[in-house]
Amino acid sequence: MTNPDPTHIDHASAHSLATAVLGSPVVPVDFLVEHLRHAVAAADWVAEALQTVCRAPMPLPIVDVHGFECNHAPRVNLAEWLVDRDRDTLDRIRARAVVLFGAAAGVDERNQALMAYALAVATGLVSHKSLLTNQARRDVDLMMAELAAVAPAPIAQVFEQALLCDANP
Amino acid sequence: MQGDDFPSTHTTWMFDLLSAGPAGLAALRSRVMARYHAAMVAYASSSAAMQSLEPHELVNNFCATRLARADYFERWQASGLPFRRWLINGLHFSAREMRKTRGGTRATTTNGMEVEGDLEPPTVDAGADRAFERQFALQVMTRCAAEVQRRLSNRGRSKDWSLFWRHHIDGVPYRILSAETGVTPRELNGAIRAVTTELRTAVRLELLVEGLSEHEVELELRLMEEALRP
Numbered sequence: 004m005t006n007p008d009p010t011h012i013d014h015a016s017a018h019s020l021a022t023a024v025l026g027s028p029v030v031p032v033d034f035l036v037e038h039l040r041h042a043v044a045a046a047d048w049v050a051e052a053l054q055t056v057c058r059a060p061m062p063l064p065i066v067d068v069h070g071f072e073c074n075h076a077p078r079v080n081l082a083e084w085l086v087d088r089d090r091d092t093l094d095r096i097r098a099r100a101v102v103l104f105g106a107a108a109g110v111d112e113r114n115q116a117l118m119a120y121a122l123a124v125a126t127g128l129v130s131h132k133s134l135l136t137n138q139a140r141r142d143v144d145l146m147m148a149e150l151a152a153v154a155p156a157p158i159a160q161v162f163e164q165a166l167l168c169d170a171n172p
Numbered sequence: 008m009q010g011d012d013f014p015s016t017h018t019t020w021m022f023d024l025l026s027a028g029p030a031g032l033a034a035l036r037s038r039v040m041a042r043y044h045a046a047m048v049a050y051a052s053s054s055a056a057m058q059s060l061e062p063h064e065l066v067n068n069f070c071a072t073r074l075a076r077a078d079y080f081e082r083w084q085a086s087g088l089p090f091r092r093w094l095i096n097g098l099h100f101s102a103r104e105m106r107k108t109r110g111g112t113r114a115t116t117t118n119g120m121e122v123e124g125d126l127e128p129p130t131v132d133a134g135a136d137r138a139f140e141r142q143f144a145l146q147v148m149t150r151c152a153a154e155v156q157r158r159l160s161n162r163g164r165s166k167d168w169s170l171f172w173r174h175h176i177d178g179v180p181y182r183i184l185s186a187e188t189g190v191t192p193r194e195l196n197g198a199i200r201a202v203t204t205e206l207r208t209a210v211r212l213e214l215l216v217e218g219l220s221e222h223e224v225e226l227e228l229r230l231m232e233e234a235l236r237p
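Line order of the protein sequences matches chains A and B. Counting in the numbering used here, the first sequence runs from 4 upward without gaps. Counting in the numbering used here, the second sequence runs from 8 upward without gaps.
None of these hints come from the bench; they were simulated from the model. Mixed in with the good hints, there may be bad ones.
[To be verified] Pair ranges (Cβ atoms, derived): (1) Gly110(B) - Asp13(A): 36 to 44 Å; (2) Gly189(B) - His14(A): 31 to 39 Å; (3) Arg229(B) - Asp13(A): 18 to 26 Å; (4) His14(A) - Ala41(B): 28 to 36 Å.
Just so you know, even glycine gets a beta-carbon here, dropped at the ideal spot from N, CA and C.
If we strip away everything but chain A, and leave its shape as in the complex, we get (with noise of 0.2 Å):
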């Protein structure tokens, strides 16, 4: 473990200083903050994310995920069909939505990977954990962890419940 001495910092480090105070620097904010919102407190974010993921021209099947044009309760359909789906699909999918997603923000490399991340909340990979596999969790808990550290407070705060929860659906 290195012992970083603080008061020789090179500006490189300062500007690593400068981007973990400020959580994330160069998200849009707004934008992850008002979709978050919908994902947690509204399943209608959810419904929305994959309509947009499903409209994509992308060969992923998931033609028969249920009850995403439905508001009332599709995060339970939705985490379950995801459930069910392999590790391969998982991982395509987050892709599909780094693409779709960051792309469509104008955002950079890292924080496309935090909308990623926000779309497998939003998805219910963490909310009903308790149907993943041990080691699923442990991937959902890492990416959580990553992500409570690097994302804005309100964001963060996001992920830090969802690291918390250890998940009853």
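Following the hints, complete the assembly by docking chain B onto the known chain A.
Structure of chain B alone, referenced to chain A:
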């Protein structure tokens, strides 16, 4: 041309010291030198108009001949300029004076008026302005980081600073840190996030001391981040 886009300097603490008599004025000079000396050296090093002068010598000359004047801060207040711009204008005039002195001429005009020039602002040098802001931001981050590390150390939490540094500065992801240290991701997240929050508070306080509003602090933080970008 005046640099309207030059970041303002908010000055509550300066006014407080100015109103505290001679001791306050002396403290204000010391504090200004501590806060801005390195940034002014960075400016002098980058300024096209100051290339013929040794930056440290120029800034020291500025501090001795201008900052030390009894009416320096009163004249700044009367100018209506942001303090950082006022400092830089003064640095330009010190540079002119030094060049004239070395050229064998006195720093006075034909009508005997001292070439203060503070009413005749120099051309804005955007590159040098960026160097100033970059160095100033570096100083703020360095001071705050040292303060947070010291506080953690006093509480017996030095390891948290190392974890924070490894994650945010060295870019080590949680999964690797977890494997290295045996600390779970959740515990890592808690420790690192606490350090981040403490550093954020320290930086915000540093800026609030200068009288910035909450909104202005956020803006200043973003400007600092931009100034520090590689």
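Okay, which hints does this one fail, numbers in order? 4
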